[in-house]
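Taking the hints into account, I'd like the entire structure generated from these sequences.
Take a look at the letters that make up each chain.
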Amino acid sequence: MESPTKPISYLDYKGEYKGILGWIFSTDHKRVGLLYLYTMLAFFSVGAILGLLMKIQLIAPGYTIMGPQTYNSLFTLHGIIMIFIIVVPGLPAVFGNFFLPIMIGAKDVAFPRINLLSWWLYAVGILIVLTSQFMGDGPPDTGWTFYAPYSFQTATNVLPAVFGAFVMGFSSILTGINFVVTIHRMRAPGMTWFKMPLFPWTLYGTAWIQILATPVIGITLLLIIAERTLGIGFFDPALGGDPILYQHLFWIYSHPAVYIMILPAMGVISEIIPVFSKKTIFGYKAIVLSTMAIAFVGYFVWGHHMFTSGMSGRALFAFSFLTFLVAIPSAIKVFNWVSTMHKGSLDLQTPFYWAVSFLFVFMIGGLTGLVLGSLATNVHLHDTHFVVAHFHFIVFGGTGFAFMGAVHYWFPKMFGRMYDANWANLGWGIFFIGFLALYLPMFYLGIMGMPRRYYDYLPEFHGGNIFSSLGAIVLIAGLMIIFINLVRSARHGTKISEKNPWGGTTLEWQVDTPPTLENFEEIPTITGKPYDYN
Amino acid sequence: MYSGASTFVEGVDNAFVFILGISFFFLIGITAVIILFLYRYNKKKHPKATQIEGNNTLEVIWTIIPLILVMGMFYYGYVGWIPMKRPPDQGVEITANARMWNFSFRYDNGRITDKLYVPKDTAIILHLNAVDVLHSLYIPAFRVKEDMVPGLPDNKMWFEATKTGTYSLFCTEYCGLQHSYMYSEVVVMEPDEFWAWYADTTALDVEVPEGANLVLMGRQIVESKGCIACHSYDGTIVIGPSFKGKFGETITVTTEGQERQIVYDAEYVKRSIYDPDYDITQGFRAGQMFSYEGEISEREIDLIVEFLKSLNE
Numbered sequence: 010m011e012s013p014t015k016p017i018s019y020l021d022y023k024g025e026y027k028g029i030l031g032w033i034f035s036t037d038h039k040r041v042g043l044l045y046l047y048t049m050l051a052f053f054s055v056g057a058i059l060g061l062l063m064k065i066q067l068i069a070p071g072y073t074i075m076g077p078q079t080y081n082s083l084f085t086l087h088g089i090i091m092i093f094i095i096v097v098p099g100l101p102a103v104f105g106n107f108f109l110p111i112m113i114g115a116k117d118v119a120f121p122r123i124n125l126l127s128w129w130l131y132a133v134g135i136l137i138v139l140t141s142q143f144m145g146d147g148p149p150d151t152g153w154t155f156y157a158p159y160s161f162q163t164a165t166n167v168l169p170a171v172f173g174a175f176v177m178g179f180s181s182i183l184t185g186i187n188f189v190v191t192i193h194r195m196r197a198p199g200m201t202w203f204k205m206p207l208f209p210w211t212l213y214g215t216a217w218i219q220i221l222a223t224p225v226i227g228i229t230l231l232l233i234i235a236e237r238t239l240g241i242g243f244f245d246p247a248l249g250g251d252p253i254l255y256q257h258l259f260w261i262y263s264h265p266a267v268y269i270m271i272l273p274a275m276g277v278i279s280e281i282i283p284v285f286s287k288k289t290i291f292g293y294k295a296i297v298l299s300t301m302a303i304a305f306v307g308y309f310v311w312g313h314h315m316f317t318s319g320m321s322g323r324a325l326f327a328f329s330f331l332t333f334l335v336a337i338p339s340a341i342k343v344f345n346w347v348s349t350m351h352k353g354s355l356d357l358q359t360p361f362y363w364a365v366s367f368l369f370v371f372m373i374g375g376l377t378g379l380v381l382g383s384l385a386t387n388v389h390l391h392d393t394h395f396v397v398a399h400f401h402f403i404v405f406g407g408t409g410f411a412f413m414g415a416v417h418y419w420f421p422k423m424f425g426r427m428y429d430a431n432w433a434n435l436g437w438g439i440f441f442i443g444f445l446a447l448y449l450p451m452f453y454l455g456i457m458g459m460p461r462r463y464y465d466y467l468p469e470f471h472g473g474n475i476f477s478s479l480g481a482i483v484l485i486a487g488l489m490i491i492f493i494n495l496v497r498s499a500r501h502g503t504k505i506s507e508k509n510p511w512g513g514t515t516l517e518w519q520v521d522t523p524p525t526l527e528n529f530e531e532i533p534t535i536t537g538k539p540y541d542y543n
Numbered sequence: 008m009y010s011g012a013s014t015f016v017e018g019v020d021n022a023f024v025f026i027l028g029i030s031f032f033f034l035i036g037i038t039a040v041i042i043l044f045l046y047r048y049n050k051k052k053h054p055k056a057t058q059i060e061g062n063n064t065l066e067v068i069w070t071i072i073p074l075i076l077v078m079g080m081f082y083y084g085y086v087g088w089i090p091m092k093r094p095p096d097q098g099v100e101i102t103a104n105a106r107m108w109n110f111s112f113r114y115d116n117g118r119i120t121d122k123l124y125v126p127k128d129t130a131i132i133l134h135l136n137a138v139d140v141l142h143s144l145y146i147p148a149f150r151v152k153e154d155m156v157p158g159l160p161d162n163k164m165w166f167e168a169t170k171t172g173t174y175s176l177f178c179t180e181y182c183g184l185q186h187s188y189m190y191s192e193v194v195v196m197e198p199d200e201f202w203a204w205y206a207d208t209t210a211l212d213v214e215v216p217e218g219a220n221l222v223l224m225g226r227q228i229v230e231s232k233g234c235i236a237c238h239s240y241d242g243t244i245v246i247g248p249s250f251k252g253k254f255g256e257t258i259t260v261t262t263e264g265q266e267r268q269i270v271y272d273a274e275y276v277k278r279s280i281y282d283p284d285y286d287i288t289q290g291f292r293a294g295q296m297f298s299y300e301g302e303i304s305e306r307e308i309d310l311i312v313e314f315l316k317s318l319n320e
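Quick mapping for you: the protein sequence lines, in order, are chains A and B. The first sequence runs 10 to 543 under the numbering used here. The second sequence runs 8 to 320 under the numbering used here.
FYI, nobody ran anything at the bench for these hints, they're computed from the structure. Possibly wrong hints are sitting among the right ones.
Not everything, but these chain A residues come out facing chain B in the computed CB check (under 8 Å) [said to hold, decoys possible]:
id, residue
1, 289
2, 295
3, 297
4, 301
5, 305
6, 336
7, 352
8, 354
9, 357
10, 358
11, 365
12, 369
13, 383
14, 384
15, 465
16, 467
Stretches of chain B that chain A covers, calculated by requiring three or more beta carbons in the stretch to come under 8 Å of a beta carbon on chain A [said to hold, decoys possible]:
id, segment
17, 117-128
18, 309-319
Stretch by stretch, here's where chain A covers chain B in the computed footprint (C-beta under 8 Å, at least three residues) [what the hints assert, rightly or not]:
id, segment
19, 69-77
20, 80-87
21, 134-146
22, 158-164
23, 214-224
24, 256-266
Where a beta carbon is used, it is the ideal one built from N, C-alpha and C, also for glycine.
Rendered as structure tokens:
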């Protein structure tokens, strides 16, 4: 029996517009979050297929399914999609938009219209990037880093890709500003900073990086455009520019961007582990402080991408030292997460599988980062497959596993339906095996000296590549099971209206499933800590 | 891995072993603890969680110990690396040139090779140049790598090989279409053998045996000098004009700003190899190629001409 005054679910709400317009013109933070989710899933599928095609090409030396120009365009597009369209906006744009206001007891973000504008800028940026694939002199072949002077000399269609990334940068900055203001101004009464859940904390650190670092890449991309169209020499030595200056500017943004990718992932793991351990988080303040420490120190380590670029020895010394410091807060987090499981009552469900496997792959990613941070070993491994393996362990293993964990954790709240847990667990298992088989051999290939961005390779590298390519096929199989299960369940899964299926303590589990249009009928007053299981 | 092919290997591999040893210890240790917890504190065995807020002593311990360990890693990385940054005053100086998509090495006596020949137990100082885009010179067996940056003066790397043999030399900075084929080798010789090779300038030129297949020899020269990176055999335009079907024809070129008609003959081929910016074929730009004078001999050019003629058929 429904009373006529019962607030309506955000999914059923009929506003000014109907159908798809009711989504793409909606300023509701939950609908904006889902817009991002659907866009990302579509492009993630494209990026993953590109990755698979590259691995099939590499299954044997020489030509297997494509020529070198196609291969070079594929790894460029794979990088642009995965970095600029998926992992940089990633968790904040989807789950930050959907859950940040609810978790801090607000009805929406501070600037809902700007929030919708962010998605529109993002969508327009994607369209511009796509034009680079189909118009002009062929898809760009520079790699996602657009290194000078190659990006000025190639005849391919670099400018639209660069301009698209520039537009998406504004989307990122606006989301950052929105989240900082929301967190400062809109927390529920009684929610002091240290009573705020950990996912919002990581969004806060991330938002500051988005605001402060993204303009650097924006201006750099503009300089490329000025150089290519007007012939002003910033980076191209043929015009009197300096290619190493480009690398500095690029990594001043793109290294902090790695923390834009991984910090929210750490936030998701900090949510999932206490809920499925039925236990308060161990060392809440240590996790908060380490989050802010990573966000801060992360600005000063960009030079470790340039250890063989021809920088001075003193600069290398300082960058290597700072890089090792940034390892400490990450280690602190891992110790605290594992300690949270100690004496817990562990409920092994799908989100928890993702969180625990996150710990494993994140440790491998982090520890191999130490090998790369050390000067002597970096010189040997720089620009080899070891680096490719390392960053896929962090970005795909870290952020990707956390993203999957987040989807399976918040899915029932978002859609009011439950997915099939058996299929979800099977998909996780196949994906996890495929992931390890795909990327572990790359560490070995890198140590043996196989450079990255290689269309073809010497026969001595064949063994590791076969293994890796087969891993890619297994991984894609796992991914398909996961996707089909989620898409099917979002439409036909068992309906649930239970507010708190996992037994969580944060505010999103106290509101209706799915949430109502304004989240709360009455803004709650917070008295306790976020993970109180007493 | 390789063992001790250069004097840097020991320092680099010590850092490797130190960092990987500690990493494996923590990876295996923490993973074992996680698995133990998954078993021991499973909700079936442990239905009621014990609430623990945290422990400041533990936080301090697991901040300080990793800090000490990573400083140790930093130290090993530093001591393994610093010799690479301090080239000795005395050594064999060789200029390494990179372009899309091959390497060439120029010795003090004017000798130019496409493989790097070096004497054992001698400091080798490589001056690094790139003409077009970024490249990177990487010899895994020696644990050395340095980017080759166009327009960066006085960029160099050095090493001292300790074992004779042939080792791979890769380009590791993405440089376009044929990046993965930008490959050469380092040949480490006994010093007396090297100096004999160095002094033997008769070996500089190609020998044409009686009854040799001149077309095939020409083709081999074209392929070993990296010409096909920019010039195709089949008429497709890569960076420069294609080799196909032009020999003996009249073509339009721009010479010192003046457009003119010339015959594509042996003289033109030689001029294009030694002074590539002199005649610019219609539809192409100057500055895309540098001179091969001293690197391709006149006798080799004769063979290349034979090969070009064969493409007319």
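Going through the hints against the structure:
no. : hint    : in the structure
1   : 289     : holds (5 Å)
2   : 295     : holds (5 Å)
3   : 297     : violated (11 Å)
4   : 301     : violated (15 Å)
5   : 305     : violated (16 Å)
6   : 336     : holds (5 Å)
7   : 352     : holds (4 Å)
8   : 354     : holds (4 Å)
9   : 357     : holds (7 Å)
10  : 358     : violated (10 Å)
11  : 365     : holds (6 Å)
12  : 369     : holds (6 Å)
13  : 383     : holds (3 Å)
14  : 384     : holds (4 Å)
15  : 465     : holds (5 Å)
16  : 467     : holds (7 Å)
17  : 117-128 : violated (count 0)
18  : 309-319 : violated (count 0)
19  : 69-77   : holds (count 5)
20  : 80-87   : holds (count 7)
21  : 134-146 : holds (count 5)
22  : 158-164 : holds (count 3)
23  : 214-224 : violated (count 0)
24  : 256-266 : violated (count 0)
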